[in-house]
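Protein chains: 2
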Amino acid sequence: MATVSKEDYLSVIFKNLDDKNEVKANVIAEKLSISNAAVTDMLKKLSNEDLVIYEKYKSIKLTENGFLYAKNMVRRHRIWEMFLHQVVGIPWDKVHEEAEKLEHSSSDYLINKIEEMLNFPEFDPHGDPIPAKDLKLPKQKKSVKLSLMKINQKGRVVRVNDFDNEFLSYISKIGIELNAKLKVKEIREFDKSMHILVGNKDWNISQKIADNIFIEIIDKGNL
Amino acid sequence: MATVSKEDYLSVIFKNLDDKNEVKANVIAEKLSISNAAVTDMLKKLSNEDLVIYEKYKSIKLTENGFLYAKNMVRRHRIWEMFLHQVVGIPWDKVHEEAEKLEHSSSDYLINKIEEMLNFPEFDPHGDPIPAKDLKLPKQKKSVKLSLMKINQKGRVVRVNDFDNEFLSYISKIGIELNAKLKVKEIREFDKSMHILVGNKDWNISQKIADNIFIEIIDKGNL
DNA sequence: CTTTTAATTTAAGCTTACTTAAATTAAAAA
DNA sequence: TTTTTAATTTAAGTAAGCTTAAATTAAAAG
Chain A
1 MATVSKEDYL SVIFKNLDDK NEVKANVIAE KLSISNAAVT DMLKKLSNED LVIYEKYKSI
61 KLTENGFLYA KNMVRRHRIW EMFLHQVVGI PWDKVHEEAE KLEHSSSDYL INKIEEMLNF
121 PEFDPHGDPI PAKDLKLPKQ KKSVKLSLMK INQKGRVVRV NDFDNEFLSY ISKIGIELNA
181 KLKVKEIREF DKSMHILVGN KDWNISQKIA DNIFIEIIDK GNL
Chain B
1 MATVSKEDYL SVIFKNLDDK NEVKANVIAE KLSISNAAVT DMLKKLSNED LVIYEKYKSI
61 KLTENGFLYA KNMVRRHRIW EMFLHQVVGI PWDKVHEEAE KLEHSSSDYL INKIEEMLNF
121 PEFDPHGDPI PAKDLKLPKQ KKSVKLSLMK INQKGRVVRV NDFDNEFLSY ISKIGIELNA
181 KLKVKEIREF DKSMHILVGN KDWNISQKIA DNIFIEIIDK GNL
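For the protein sequence lines, the chains are A and B, in the order given.
Residue numbers are given in the numbering used here: position 186 of the first sequence equals residue 186, and the series is strictly consecutive.
Residue numbers are given in the numbering used here: position 202 of the second sequence equals residue 202, and the series is strictly consecutive.
Wrong hints could be hidden among the right ones.
A pair counts as met if it fits within one copy or between any two copies, since identical chains are not told apart.
Unchecked claim - Straight-line distance between alpha carbons at most 25 Å, and here's what the computed DSS-like set of lysine-lysine pairs gives:
#	residue 1	residue 2
1	101	58
2	113	173
3	94	181
4	220	56
5	45	185
6	220	24
7	192	133
8	208	145
9	15	220
10	6	220
11	133	183
12	154	15
Hint data in this document are derived by calculation from the structure and do not stem from the laboratory.
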């Protein structure tokens with residue numbers, strides 16, 4: 001049986017898979033703010049339900065079923081985010097935590113209806129791809145971290161990490177939103193902080209900020 | 001702490017208060033499909049949290065806090081129903097069970113936003129009043145059960161009970177919706193079934209159906 | 001007023017999802 | 001290769017929200 005708790009485990013596992021498609025139990029415990037012992041417990045249950053591959057002392061993998069379940073959770077989450085942002089008008093930095101609750105309480109029927117109403121969006125308000133009904137992901141535009149851009153390069157915001165509300169709220173305040181154009185004006189080597197132009201305003205941003213904004217470089221056109 | 005389970009208890013208690021503003025533990029158990037022993041257990045907890053007034057072997061009352069909490073649950077439920085029906089286009093007979101899940105997973109902030117977006121509706125898709133932010137109920141139009149109408153009386157549907165999906169789905173199919181006009185053409189005494197005119201079509205409905213539809217009688221005008 | 005019936009409570013036990021503390025294992029460092 | 005460290009598991013225990021069965025109480029019927 002799928003409970004809120006199990007759904008959270010599957011989501012966390014999915015989002016933290018490494019290059020070998022594995023996660024350490026360790027990581028799951030941290031992300032969910034629970035003890036390692038609790039994770040061991042639950043992994044045995046998820047394994048019995050054919051959702052994860054679990055062997056003592058080894059890293060965790062998802063089964064085929066587990067992958068499908070987790071992707072569907074991502075789908076629910078991102079469709080809710082899109083809906084809350086576009087239709088209800090909830091600001092960028094608040095949609096994540098509302099969607100976090102709603103994703104456990106909505107039938108596939110409802111999600112499909114909402115998706116239809118939104119005209120089958122491909123990306124959520126943070127630029128993350130929304131899995132389709134068949135759980136396939138749309139292609140994403142090539143992008144680089146803002147922190148890796150060079151002086152005088154221009155680009156368009158295509159994705160931001162939604163790891164922290166304060167971060168989202170801050171970048172939103174300085175005019176950084178999806179598709180916003182910006183230009184790198186200075187980079188200070190000693191702390192890698194940047195001076196950027198967003199619209200017609202100048203801002204200083206730390207490396208940590210720039211690490212979480214993804215840009216599609218544009219060569220032509222003015223800012 | 002407010003859990004899904006506690007919220008369900010409070011909702012059921014609120015919806016089943018008698019003329020003395022009391023409910024028997026018995027009734028709660030039936031409505032929630034759980035044992036009486038479980039109800040006793042939970043009532044003690046709710047009492048400790050100052051949500052219900054509980055004394056051994058006596059009927060249950062809500063405290064001031066309990067009333068507020070329960071009314072807010074009703075508010076959440078009905079705003080979700082309205083939203084799902086009007087904005088997402090979910091049919092009449094399906095909104096109830098979706099709202100039943102969503103009502104536990106939405107912040108007051110979100111509910112207020114949705115309410116604003118809907119332009120502060122007073123009644124949900126079944127004609128039930130939606131408590132405002134201050135939890136006050138809008139005034140309802142005077143209405144009578146369809147089953148109590150006389151031959152040749154005309155009226156307008158102002159509310160239906162949403163106790164059963166099949167019922168809602170059926171009456172929707174025969175053209176009965178909020179504000180629909182109808183006229184009683186015949187009443188068969190032996191089973192109290194009725195012959196009614198809805199729009200320009202005739203239908204036979206059982207007493208059980210007619211018991212769950214509420215009508216505002218209209219004297220003038222044609223059908 | 002006493003008996004019967006129905007509602008309620010108590011008691012013991014279960015499952016889920018957690019906790020802490022101790023034991024074990026695997027991986028990294030010496 | 002041995003030792004140390006870090007990750008993981010086991011064991012024992014807890015709280016929430018249920019269950020069934022037995023005991024108690026209140027209300028209804030005689």
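Here's how the hints hold up against the structure:
| no. | hint | result |
| --- | --- | --- |
| 1 | 101 with 58 | neither (31 Å within a copy, 37 Å between copies) |
| 2 | 113 with 173 | between (33 Å within a copy, 21 Å between copies) |
| 3 | 94 with 181 | within (23 Å within a copy, 44 Å between copies) |
| 4 | 220 with 56 | neither (55 Å within a copy, 79 Å between copies) |
| 5 | 45 with 185 | neither (53 Å within a copy, 61 Å between copies) |
| 6 | 220 with 24 | neither (44 Å within a copy, 74 Å between copies) |
| 7 | 192 with 133 | neither (42 Å within a copy, 48 Å between copies) |
| 8 | 208 with 145 | within (11 Å within a copy, 65 Å between copies) |
| 9 | 15 with 220 | neither (35 Å within a copy, 64 Å between copies) |
| 10 | 6 with 220 | neither (48 Å within a copy, 59 Å between copies) |
| 11 | 133 with 183 | neither (37 Å within a copy, 45 Å between copies) |
| 12 | 154 with 15 | neither (30 Å within a copy, 60 Å between copies) |
The earlier numbered hints that this structure contradicts are 1, 4, 5, 6, 7, 9, 10, 11, 12.
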